[in-house]
Each structure stands twice: as C-alpha cells, then as structure tokens.
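Visitor: Listed here are the chains, written in short residue letters.
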Amino acid sequence: MTSLKRPWRADGGGPELASKVYVRSTKSGKVQKIVREVYLRRDIPCSSMLCEACLKHAPSNSQNQAQPFVLSAKPAGTKRFPQGHYLIPDTNAFLTGMDLFEVESAFHDVIVLQTVLEEVRNRSLPLYHRLVNLTKNESKRFYVFFNEFRAETHVLRLPGETINDRNDRAVRAAVAWYAGHLAMAVNGRKPPAVVMISDDKGNLAKAKAEKIDGMKLVEYVSHLDDATHLLDMISELHERRPGGKAEMFYPEYYSMSKLLTGIKAGTIHQGIFNISAYNFLEGSVHVPAFEKSLLILGRENANRAVSGDVVAIEILPKDQWKAPSSKLVEEESLDKNDNPDAEDGEEVVTERDRRALQEEVRQTQRSTAENRLQPTARVVGVIKRNWRQYVGHVDRDSVKSTDKHSRQQQMVFVRPMDRRIPKIRMRTRQAGELLGKRILVTIDAWDRDSRYPFGHFVRSLGDLETKGAETEALLLEYDVQYRPFANAVLDCLPREGHDWKVPQEKADPGWQGRRDLRDLIVCSIDPVGCVDIDDALHARPLPNGNYEVGVHIADVSHFVKPNTAMDKEASIRGTTVYLVDKRIDMLPMLLGTDLCSLKPYVERYAFSVLWEIDSDANIINANFTKSVIRSREAFSYEQAQLRIDDASQQDDLTKSMRVLMMLSKKFKQKRMDAGALNLASPEVRVELESETSDPIDVKTKQALDTNSLVEEFMLLANTSVAAKVYTAFPQTALLRRHAAPPKSNFEDLAVQLKVKKGMTLRSDSSKALADSLDTCVDPTVPFFNTMVRILATRCMMSAEYFCAGTQAYPEFRHYGLASEIYTHFTSPIRRYADLEVHRQLAAAIEYEVLHQSLHSRAKLEAVCKNINVRHRNAQLAGRASVSYYVGQALKGRSLVEEAYVMRVFSNGFVVIVPRFGVEDVVRLKDLGVDEKESEFDGDRYVLRIGGEVRRDVELFQRVKVGITDELEESTGKRKIRLRLV
Amino acid sequence: MAPSATQTLLSPAELSYIHHSLSLSPPIRPDGRSPTEFRPLFAETDILPNTNGSARVCFADGSEAIAGVKAEVERSIARPGLDISADDDGEEERHGENAWVEMSIEIPGHRDDDALPVFLAAMLTEALLADSELKDRLWINRRFHWKLYIDILLLSPPSSYPLPLLSLTTHLSLLSTHLPALISDPADDPLFNDDWHSATPLYPPSSSTPPVTLLVTTIGETILLDPTPEELAVADAVLALSVAAPLPSKAKKGKGNPQARLLAIRTLDPPSRLTPLGTTAGPTEGAPPRTGMAWAPPQGGLKRELLSRVIKAVVAPGGGAEEVLAGLAGVVA
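Which chain is which? The protein sequence lines are A and B, in order. In this text, residue positions in the first sequence follow the working numbering: the first is 126, and each later residue adds one. In this text, residue positions in the second sequence follow the working numbering: the first is 13, and each later residue adds one.
In isolation and in its complexed conformation, chain A is listed as follows (with noise of 0.2 Å):
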C-alpha cells in the first residue's frame, strides 16, 4: 500500500500569514481548541526619530495628519551606554518595578512590547492600566510596539516550548530587530543601544548568547543618579530568601481546581475577608450561603488574607467553632518586639497571640449560652487579591540604624494607617529619612515563609501631621480621584467660560422643549457657604385652593453629554468628596459652581418637577420639564428660617416658604406614618479659621426645620422621578434601594437592650422598628435615644443604586425611606447617579433621545457599582477627615466630657463623646488596671473594674471621661485618648 502525506502547516504556508493554536476553556466548563490566523505586516513603524524609513508608515489621526515619533533621536546615555539608549522590558520587570517606571526622573524612551503587554494584562489587571496610562504620557515616551504583527519579529512557539521561553524569546527577536533596524537608520552613526531589562536568568544567558544588550532591572537602576532611592521601588517579588529548606508558617494554598470543585459543591465559600476593627486576629467573611458571617480566628485560619482579598474558605469542625470575640486586640500591643530581619523562631502564633486566643476560648466556654457559639472557618485559598498602595508610616521600633546619611539597606516594617491591613515587611535604604513620614507602600507577595507580607516603597507623602500629607493620605486611602481635571475634559466645557448665558432668542436650539419658568418665585436654601447651588424650590396657590410645588433641579445634563471625557470622568469619580477644609469635585468647577449651579439672580438652565398638591399634602398630578428658572434669593438653612419665623415679611417669596413648610411637615408627617426610619448618627462640624484653615472648634448640627422641609421635597422629587423612570424604562431606569436588613442583625442590639434597660425592639418591619426605637426612651438621659438609633443604624445594609432590571420590583423598596421605589435626581452637580437619571428622565418626557449606554445594562450595572463603593468611599473619607481635623482641634488641650458607653468588652469598653461625635476606646491598660483584677460579665454587659479604679462600668451607662490628645503610635494620627473620671 503506498501513501502520500502532506500536513496541514502550521506556519500557513506564507511568510504572512501564521497562526495560533492554542486550548480555551470557558466558564461553563467547556475546552475548546482554539485556532486564530494571525496576518503579519511589514508597515508597523519602530517609532524611532532616528528612522526615516518607518516615516511613511507613521500612523495618522483623524485629520490625516501623521503623528510624530515617539523615541527621541537623543535618548539619555548611562556609564555603560554612553552613545544612549532605549529599553525593551520584559513582562516581569514591569510586574516587579512599575513604580520605577513612573518615576518622571528616569526610564525614558521605552518600548512596550506588544508581548508584554498582553502578559502584563493578564496578570495584573491594575498594572496594566498604570502601563497604558505611562504609554500616553507624552514626556515619558513610552511607545507601544506590536512586535506580534509584525512579520520579521512574530515568534511561533515551537513544540514543548513553555508560553514563558516563547514570549522571552519574542522579546529577544524584537530586541535584536530594533538593534539592526537602528544600525541600519543611522547610517554608519553609532546607533543606540537596545537594551532588555530582563530578571530571568536564562534569558539573559540567551540574550547575552546571541549578542544583545541584556541587565537585570536591578542592575540598571544601580547605575543610574538616584539609585538608592530608586532601588527601594522595587518589588519584592523576586527576591527570594536564599536557603531551601525555610521553615513554612502558613498551610499551602488548595490548587485552583480543588477550590473550584469545592465552590460548586458547596463545600468551599468564597467572599471578601473582611477583619474586625477592634481585634486584627479576628476576621470574617460573609458567604451567601449563610445568613450571618462565618468567623475566622487567628493569623493561621487567615493564612495570608489581607482584608478586602476574595478569599475561599472552609468551615472548621463544630468542636471550634466559638462566640465572636469579648476582647479588644491591636497588633501593636500583641507584637511590638518583633524584629523584621529575625526569621529564625519565628512563629505564626506567637506565645502572645496564642495566649490571647486561648483566653478568648476560655471567655467562650465560661458563657454557657450555646447560641452565642458561631460558625468558624479558615482560608483555604485566595481567589481574588485585593492589594492596593496603602498608606503608613515606618515603625520607629524597627529602625536599626536612624542615620539619615547612611545607605545600608535594612529590613523595616510599615504600619498601615488603616488598622485591619497587617504591618508590612518592607527593605530600604533611606529608613532614616523615612521615619516621621507618611509614606504610600505597596504589598508585593506574601510567602508561606513569612509571617509578615513584603511590599516595597512607592513614595513619600510627607512629614506626619502635616495638612497637605494627612489629606493626600485620606484621599489615597479611600481612593478619591483628586488629580486636577485632565484637559481633554476641560476641552468639553463651554467656549464662553463664565460669560455664559441663557440665550435671550427663544429660537435658539438651548431653548427647544424648554418651559420658561422665569416668572415663578424660586428661591434656595442651602448650608452656609454653599457654592453648588443644586436645587431650587417654589409654591404658589392655585386658582382652585390646591398648590403648585415645583423643585428645580440644575441641569447639568445639558452640559454634560453622554460618552464625552467630561462624562468618563464623572462617572469615574462619581461623587463629589467633601473634607472638611477640601472639596473634590465631580465636575469641574466652571459647571458645578457657576453655570450648573442654580444661582440667585441669574437666569438658569433646570430641570423641573411641578406638582398639583392639595391643602392636605395629596399629590393630584406631577409634571417634569425642562425650564429656564431664575432664583430670587439663596437662603441659608438660618436665613430661611429666620425669615419664615418673622410674622412682618409678607412678601410673596417668604408666603411661597411658609407654604413649602406647611406641606413639608405633612409629608414627613405620612412618611413616619408609612414606617419611615428616624435614623441617627453623630454629627459634627469643625470650624476653620479662614485665612490657614487651622481647626478653632468642634459644633454639633443642628437641625433646623427649614434642613427639613428641603429634605421632604427632595424626596418628594426622587420618588416621583423614580416611578416615571421605571415606567418608562423598566429594565434600564437606574434606581436606588435600601435592603431590609436581615433580623439577625439586630439580634445582639435587642438582648443588649433588653438586659440593660428592660426594652424591647422589634424589627420585624420598619415601621415596627421605628415605634419601638420611639418608645427606648430614658427620661434621665435625653442622648440615650439618640444612641440607640446610631446602634440601630449600624445594624442595617447600606443603600445602593441598582440598575431595575436586576430587582424583581418588591426588591426596589427602600427600607430607612419606607418608599416602594427612589432614586437619586436631586444633586447632578455632585453625583454621577443623578446625572444619569436626568438623562433617563429627559428621554422619558421625550425631550431627547436616550443615548446607547444607558440602554445597556451591562453598562449600567458597571456605572452602579463604581458608584456604590466611590459613594461609600466619599462618606467613610469626610468622617475621616472630621476626625482628623478634631484630633487637631483638640491639641493640645485637655477637657471633660460626657460620654456613654457603647460597647463593652472584657479588657476595655468603647465610649461615643457627642460634643465631639468621636468614638473611642478605653482600655483597662490605659486606666492602669491589670486585666486579672477586672471581672467582666458578658451577659449583662458589665465589666467590674478592680485595681485602683473599682467602679463597674456598663453598657449604655453615662461615664465622664477626660480628654486629651494623643499621637497615636499604630497609625501615626493624632487621635484622642480617653481616660475615666
């Protein structure tokens, strides 16, 4: 029998034409071969001002105009290069030194390689951006070559050859092209070198082989000015202890395919680790598939989970499970002798750690409740690292040598401001110039070896305690975008800058679909000193005895158009941020404080709401428009108040307030009826002194009626606009719900208050829970009910914005607002959710046609959740920045306050000053009484004090406290320090 063969080629059969074959498994469990044709082109230019020959390649923009090259014809020379050079990296010299890269000093004239780029995107989702960021930064010149497509660098994997050699030897044919391309550029000249920042030994051993410029990043940096600075910036990734057998502190990770497997059999849970704020070895993680949080105790159950990771977890035999924690534990005070070099006896548990989790068991037996006992878990696997820049300052204690001349590397740990994220083991060279400094860090890895994550340094902040580097902190923190507006964004704004106006022909297309409201008395009311006028409001009576109520709302949709760069970036943003001596805006400030911003006298563009109300606060109809509107007046909430309060204005604007307060208070009136939530929480203002923004004092709100009869109507508006979206767009309208919270949740508060005061509180809906939280009254202490509301408030879900379609409709409800649907249309200038609600009102009322994105809910769903959490950061960054700025009031001064006591455990309690709002622990070690000579009753939430002390103290009990203030060493904040008097 005689055969012929002839193979199907892998190359395609032209030098063209090539492709990849490679295997895809999808979601669904699915492994699909997968063979792409891959056409490869000889027009891709090298971007090299040097290169005549690439010119005509050059790619051109819109107006078919050629964009210049990237690459300087004269890029920077080292010792080694003295003729200059560009750099090829490779994928993990970007992984381990990204920092480095932006350094504006240094690493200039790089080419990214298509091949890296793609490695960089698959394994680092974050990296790759800060990477596509560097590559349009037109100083640094960074330029993206796409080494796959063309034809003399596309590298084909050769048969056994692993993805890694395939993609280090596409990076040394690309380098090895550039390096000819170029010799053959210049003409005879010295061409640049080419030079492959490479970590991988065998590449390097290949490169230098086959003759090309090849060093290790480390290497490179050391020769450059800055070195020992910029050395620091290094990831720790590659460094590797040396030694093999390093003893192993945690247990190995499951494989990929043993957490999956248990994840769909139920056996493993995956959710975001969250840790406790008062014990650091106490964590917890909230998986569906149980109501409340599974609890994880001790470093080796977290096995290297930082908080805020996507951790699987399984759950421990019942012989371990336990009550969640009585005690207060800071790392600080468990593990200050730590030595960040010693590994040797290092232990996962420390006697100290163990001691005071054996404690805890103890404390769990000795309370024989059996329903207090909870689901304990440990982590098996991390699915989902959620690693950020954090900010901290170097521990004193760890600092061997303070020299600040000194360039000896040693081994520091960082504390992060943020007490839930462990120390960070961190090698520099500059620790003497660090102390005292806030500094931005990074979390590289965490070995089993270590008991303790390496990071690297990003850069310093500034001195400690110092304005510009407490707020910059704050702000990267809770990662508020503070950049100033790019200029692709300031490009959307209007020519005529403030010269802006409405325009006076009513043919003009500003005018089409508009109502001219210019006649109706409108009027504001706002906090003092506000620039961002949102919202109006007007009442008139009406010839058949009803009113007319119309809220304006500024119309910041009119300015800012879907899918622009203005768009992008507020959605990105989503809120604007306020400190308390800082405003981060949404938008910028041309539009938020001036042409949006609803101003008195001037004529405005708005968007209204006008309803047909009767004498009993019924609403018989409701209309929205587009409008043109003129403010006569902006009150202050004071103003307002005044005025309406004087019987002698009789003016039209002051009867239009009187009505507007009359029907406020019947609407709030139903609204309570209806079950709405009278929630609480402390709040406080810090007057600044106006020239330095120094702190003077601290005030409480107050609450005038004139705060809410604005509220009652913007609520009014939400609601109303919420029911016309939803109509109108049933599985796009963009809404805003508050969950009912499960009754678990207030399980602990009921007992607590049971026990102690002898009420009850119900919670089975929220009209229950509002009576009842009505009748925990204590007539001695008037704060109490204000207390118990904070308690209750912490016990709810947080209200989110959601996209309709992903809700069956009895999931819109909005528990605290007791309202069957809402969204947020009130505040465009400051929210990105209003914003988009506008757009959806103004296509329901056919005034515009919808654009595409908000057809799409996957896109919406993506808005949702940016601005759920930038929402949730915005409010968590304003209360940190109060706290600051009362920390820096309180300096230096030393004052008694009232204070009760929220919460008890059996080293300390935790007290709320409302003068201040502040909330603080104190500890029995603070007092000067050994923990052995207290007694603490878990039952009845009374901890007798022994010792000098000998007082009890108990739960919502009124204690005095002395105030001082403190630097607080584990996170470097002036804080204040609570003692009992």
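These are calculated hints, taken from the structure and not from any lab test. Be a bit skeptical, because a hint or two may be false.
[Said to hold, decoys possible] Chain A side only, calculated, beta carbon under 10 Å to chain B, not exhaustive:
(1) G285
(2) K326
(3) S380
(4) V524
[What the hints assert, rightly or not] Some residues of chain A that are not near chain B, with every Cβ distance over 10 Å (derived):
(5) H306
(6) K383
(7) K452
C-beta: ideal position from N, C-alpha, C; glycine also.
Position chain B against the provided structure of chain A, taking the given hints into account.
Guide: For chain B alone, coordinates are given in the frame of chain A:
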C-alpha cells in the same frame, strides 16, 4: 445487510466470466492484483485545524472521505447505588460508557436518517467500542469524561461499498486525535493545559490502534482482500472484519510478529444475491437446475473451514491487517 450500495450493471455472461476467473487458482482479478493486495490510496491527517484530530483518505477508484474528531468535556451521569467502581483502597477504575462515542456519517444524496448512513455508523461504532480501551481512556474522573464526536463526510458518491473507506478515515483521524493535557488533580473538576502542543494523543504509542474494518470476499475457495465492486457482484460471501494492531506489550513478549487483534466480524449480504439469473433457455417450471445456466446468484452461507482461513489471512503476522495498519501508521508518523 444494508441496502446494497450500487447495482453493478453486469450481464449474466460477464458475471459468470468474472466469477470463473476468480475461482481459478491462483485467481485472476480484473485489475490484475494478487488476492491479498490492496489498491493504492492517498491519505493525509490534521487537515482540519479546529478539530482534535482529522484525516482525509482517497481511494484509487475516486472515492474520498474526510473525518473530524471533536472532544468535549461532559459531566458523567451519577448513578448512586450502581457506582461500585471505587475500590476500598480508593483506586478508581476507569469505566467508560458506550454513549461517550457518537458518530455521524454524511453521504451525498442520503438523508442522515437513511438506512445506509445509520447502518454504517452503527457498524463503525460497534468496532470502536468492541475495544473497551477507547471508552475507558475517555474517563477523566468520577464526574467528568470526554465525549467524542466523530463526523465523517463521504465526498464522492457511494459508487462502491464505502465501509472500508470510512473505516480507514476514522482510523486515521482517531490516530491523530489529541486531547488537552489535564493539569488539575485527578479528583477535582478538570482544568487543562492551554498549550495545544502539550495535548496528549488519544491513542498513545503504548496502546493498541483504533480498529480498521476490512472487507473480504470469498469466491469458491478463493479469498480476496479489498474487493472491487465487480468482485463484490460475484462474491459468494462478504465479511467485514474489524481488526486492531496487537498490543505493544504482547509484541515484545512474543517471538516474531504477533497476530493482529480481531475485534468483530460481520457477514454482509453480498450484492451478488441481487444479480439477475442468467439462463441459456427460458425459465422452466419447478426448481430450476443450476447447471447449464450462464449465471446463478450465489446462495447459502460460508463454511467454517473457509471462515477460519479468511480470519487467518487477515490477522496472521504479515497478513492483510498488518499491511494496512503499517501503511496507515506511516501516514500519521
């Protein structure tokens, strides 16, 4: 037997002539081949990049077929109670199921539920499953297995009986089939290496080969391998033998070449049964005497002794099976 592929339009005289020359010793075949000689063929593998394995075979008579094998991961049906495969020591036996191999054949001019493609598919599947090694190799773990989809497309009209062609094409495509390499722990949900180069062959060198189904005809005492349509038209009996290469382990032990493994035998209804009777005189009443006729369709079965000779001719060392398998192995290697 399946409906006869074609009616060879031969007159009784021609049939008689061919029958006679083939009954001689040694027989004289119309194309001059020796009794055990195969016709030349053209074959190639890996012609369809998107499949796990594929092949194309062209016979010298112009018939041509391509086959593609696709493998998909499938969840095994749990059979609580019946699951006794796990031994006490935790070792699990790899037990495949017949349903894990699915074959479909497309023949131009036939619907896919016509008798011919269905019958051919059943025959080829039967041979594949007769060797339980294949389905056991599709076992991944207790909960997952590979499912093989073998699609065969006959490109030419079925001028001759297409079974050998389809079988050879299937054989080649299975020989070239690779499955993505497993990288996860055997007990877990499977995860696979994304490198196609590291995929493992479905039939590794250490195993036997996929079966081939060969046609053998007997005419009188003559045994003919690889019959042409004309030879089939006068055949006394037609046998389809499914054979596979001997296990390599046995090949080492035995002295000399071992026998090929016989997996299945089927007798086919030879098309000669349908040939018209050719008499010299007009038909007479009663039982017609067979003598004196130009051509009478053959009747009756096959003698045991002849059957064993047929098997020997195919499976014996140096026999027909060995030649075919060696030739096909040369295509893939």
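Visitor: Confirm or reject each hint.
Guide: Hint-by-hint comparison with the structure:
1. Look at G285(A): its Cβ gets to within about 6 Å of chain B, closer than 10 Å, so that hint holds up.
2. Taking 10 Å as the C-beta contact cut-off toward chain B, the hint placing K326(A) at the interface is violated, the least distance being around 23 Å.
3. A cut of 10 Å between beta carbons decides the hint on S380(A): the least distance to chain B is about 6 Å, and the hint holds.
4. The closest approach between the C-beta of V524(A) and any C-beta of chain B is roughly 45 Å, which is over the 10 Å cut-off, so the hint fails.
5. Residue-level check passed: H306(A) sits 30 Å from the nearest beta carbon of chain B, beyond 10 Å.
6. With a least CB separation of 5 Å from chain B, K383(A) falls inside the 10 Å interface cut-off, contrary to its annotation.
7. The claim that K452(A) lies off the interface holds: its Cβ sits roughly 39 Å from the closest Cβ of chain B, which is beyond the 10 Å cut-off.
The structure shown violates the earlier hints numbered 2, 4, 6.
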